[in-house]
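Single-letter residue listing:
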Amino acid sequence: MREVAVIGIGQTKIEEHWDKSLRELAGEAVLSAMADAGLDHFDALYMGNMMSGSANFQQHLGAYIADWVGQRYTEGIRLEAACSSAAAAFRTAVMAVASGEVEVAVAGAVEKMTDSPSDIITGELATAADADWERDQGISFVALNALIMRRYMHEYKWGKEAFAGFSINAHANGVNNPNARFRSPISEQDYVRAPMVADPINVMDASPLGDGAAALVLVPAEKVRSAPGQPRIRVVGSGAATDTIAVHSRQVPLWLSAAEKSARQAYAQASLRPEEIDLFEAHDAFSIMAALSLEACGFAEPGKAPLLALEGEIRPTGRIPIATMGGLKARGHPVGATGLYQLVEVVQQLRGQAGANQVPGAKIGMAQNIGGSGSNIIAHILRADE
Amino acid sequence: MEIPRHWRLKKQRYALIGEVCPYCDGKIFPPRDVCPHCGGEARNVYPFSGKGTVYSYTVMQDAPAGYESQAPYTVALVKLEEGPVVTAQLTDLGEQAVEIGMPVEMVTRKLREDGGAKGMLIYGYKFRPVGLGPH
Numbered sequence: 085m086r087e088v089a090v091i092g093i094g095q096t097k098i099e100e101h102w103d104k105s106l107r108e109l110a111g112e113a114v115l116s117a118m119a120d121a122g123l124d125h126f127d128a129l130y131m132g133n134m135m136s137g138s139a140n141f142q143q144h145l146g147a148y149i150a151d152w153v154g155q156r157y158t159e160g161i162r163l164e165a166a167c168s169s170a171a172a173a174f175r176t177a178v179m180a181v182a183s184g185e186v187e188v189a190v191a192g193a194v195e196k197m198t199d200s201p202s203d204i205i206t207g208e209l210a211t212a213a214d215a216d217w218e219r220d221q222g223i224s225f226v227a228l229n230a231l232i233m234r235r236y237m238h239e240y241k242w243g244k245e246a247f248a249g250f251s252i253n254a255h256a257n258g259v260n261n262p263n264a265r266f267r268s269p270i271s272e273q274d275y276v277r278a279p280m281v282a283d284p285i286n287v288m289d290a291s292p293l294g295d296g297a298a299a300l301v302l303v304p305a306e307k308v309r310s311a312p313g314q315p316r317i318r319v320v321g322s323g324a325a326t327d328t329i330a331v332h333s334r335q336v337p338l339w340l341s342a343a344e345k346s347a348r349q350a351y352a353q354a355s356l357r358p359e360e361i362d363l364f365e366a367h368d369a370f371s372i373m374a375a376l377s378l379e380a381c382g383f384a385e386p387g388k389a390p391l392l393a394l395e396g397e398i399r400p401t402g403r404i405p406i407a408t409m410g411g412l413k414a415r416g417h418p419v420g421a422t423g424l425y426q427l428v429e430v431v432q433q434l435r436g437q438a439g440a441n442q443v444p445g446a447k448i449g450m451a452q453n454i455g456g457s458g459s460n461i462i463a464h465i466l467r468a469d470e
Numbered sequence: 301m302e303i304p305r306h307w308r309l310k311k312q313r314y315a316l317i318g319e320v321c322p323y324c325d326g327k328i329f330p331p332r333d334v335c336p337h338c339g340g341e342a343r344n345v346y347p348f349s350g351k352g353t354v355y356s357y358t359v360m361q362d363a364p365a366g367y368e369s370q371a372p373y374t375v376a377l378v379k380l381e382e383g384p385v386v387t388a389q390l391t392d393l394g395e396q397a398v399e400i401g402m403p404v405e406m407v408t409r410k411l412r413e414d415g416g417a418k419g420m421l422i423y424g425y426k427f428r429p430v431g432l433g434p435h
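Line by line, the protein sequences give chains Y and Z.
In terms of my numbering, the first sequence opens at residue 85 and continues consecutively.
In terms of my numbering, the second sequence opens at residue 301 and continues consecutively.
No lab work stands behind these hints, which were simulated from the structure alone.
All figures in this text were calculated on a predicted structure; none of them were measured in a lab.
Glycine included, each C-beta is placed from N, C-alpha and C at the ideal position.
Every clue listed holds true.
The calculated lysine-lysine pairs, modelled on DSSO-like cross-linking and capped at a C-alpha distance of 30 Å, are:
id, chain 1, residue 1, chain 2, residue 2
1, Z, 351, Z, 410
2, Z, 379, Y, 345
3, Y, 241, Z, 351
4, Y, 345, Y, 244
5, Z, 379, Y, 244
6, Y, 345, Z, 327
7, Y, 388, Z, 379
8, Y, 241, Z, 379
9, Z, 311, Z, 410
Computed beta-carbon distance windows for the label pairs:
id, chain 1, residue 1, chain 2, residue 2, range
10, Z, 338, Y, 127, 41 to 49 Å
11, Y, 105, Z, 418, 33 to 41 Å
12, Y, 358, Z, 343, 37 to 45 Å
13, Y, 185, Z, 407, 55 to 63 Å
14, Y, 87, Z, 339, 31 to 39 Å
15, Y, 440, Z, 349, 58 to 66 Å
16, Z, 414, Y, 102, 29 to 37 Å
17, Y, 352, Z, 338, 27 to 35 Å
18, Y, 386, Z, 315, 34 to 42 Å
19, Y, 439, Z, 397, 42 to 50 Å
20, Z, 408, Y, 215, 18 to 26 Å
Now the stretches of chain Y that chain Z is said to cover, found in silico as 3 or more residues with beta-carbon under 8 Å:
id, stretch
21, 205-213
22, 332-346
Could you put together the complete structure from these sequences and hints?
Next comes the structure, spelled out in structure tokens:
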């Protein structure tokens, strides 16, 4: 297997892009990543997306986007793994280049959620859960996370306000990210007073949806050299794991087994321990998912993740910074595209291009993308070479 | 309209018919082809009692399409006394506050209409606090 490097990144702002189509958004990200890489051609396109078939009545995104960016005749497929679709596309691109089969791969991802009414989108998000045994009971995706959060608060004796730090950190970091959906800081008062969506999850626990696209260009690492101010960024770990599709089927609903397994796989490949990770783009679709991710990936003991937030250890200057460019909470969560935003942001940090949110001396970054309520989790570790 | 899918699920939905594993005696609900406890082939029918306790719960303010008219409503993870946990709505709550650990029992209720007011009525299990009288 060959080592793989990331040589180009691209992203669009996350917002309600009424004036842009699905392919215009995706094309903007892919073309921007190609320009960043200094390439005008690629060999294969792996597109992550969750719901374009029902939200936009358009499937077949491999050919659809390759054609749009002027790369017809290349290989192109679409990968779907609910909210972890984008990381699935990235992992596929990594494996394609690592295998020796593909020289230049583009991992792209897009989600265009505002072309359909919100109740349709809410229903569509619930398709990531079990249709027969969860969705038909009238449950939403938010509610599944609320069930987990309430049990967590019950078992570990945390009050609601203990989760405020996750949201406050994300919004503070979103302020400095021009691509973020929300760019205003919030206070603890804002958090505590926010209206409930599904108790105990309030508006400030839940990430905002939106339209967005992101892309990365991958090539064999042997063809890239570090330059001053432009370190070579290698993909040193890639892990993926599934868990039960339904939350109710888990032996321990408060433990993200798939996060633990995928992270361990990535740590082992990279020969790294959790303490050596400089920043962690966790899948904070809900505050509780940030907490469970920190625990399952080895950054906190079970039941202790809220302490990291309360003590400021998740800020850019803390022990394990998360949501460094706003996370899902403030940057936004265009579901099937989110995983590539996380990876783009890790690259920004490792290049030293994260501006006011720069994690000092960041050399090793991890991104973790969750599909469903923990039923599919994909982790990647990137490293900047001197 | 998804008539065959709902028709296929009627035994489980109306009467909590699950399975017991012939190899490890694990109780299984909803039914599966492979036992989640031992990996053996699961195929022996087992009717669940419908008794359980609330493992966790939340109140749905923002209901998905098809459920709007019922909002707000309470959904829960219910731990059945035989072991498995199911996702279900709580019903007949009245003024009663829901708590983790609260004993509940299964009742059969309308889940929703499939295909609008003239469409198919989908029935299934919900759970209510115990001690509320006959079904």
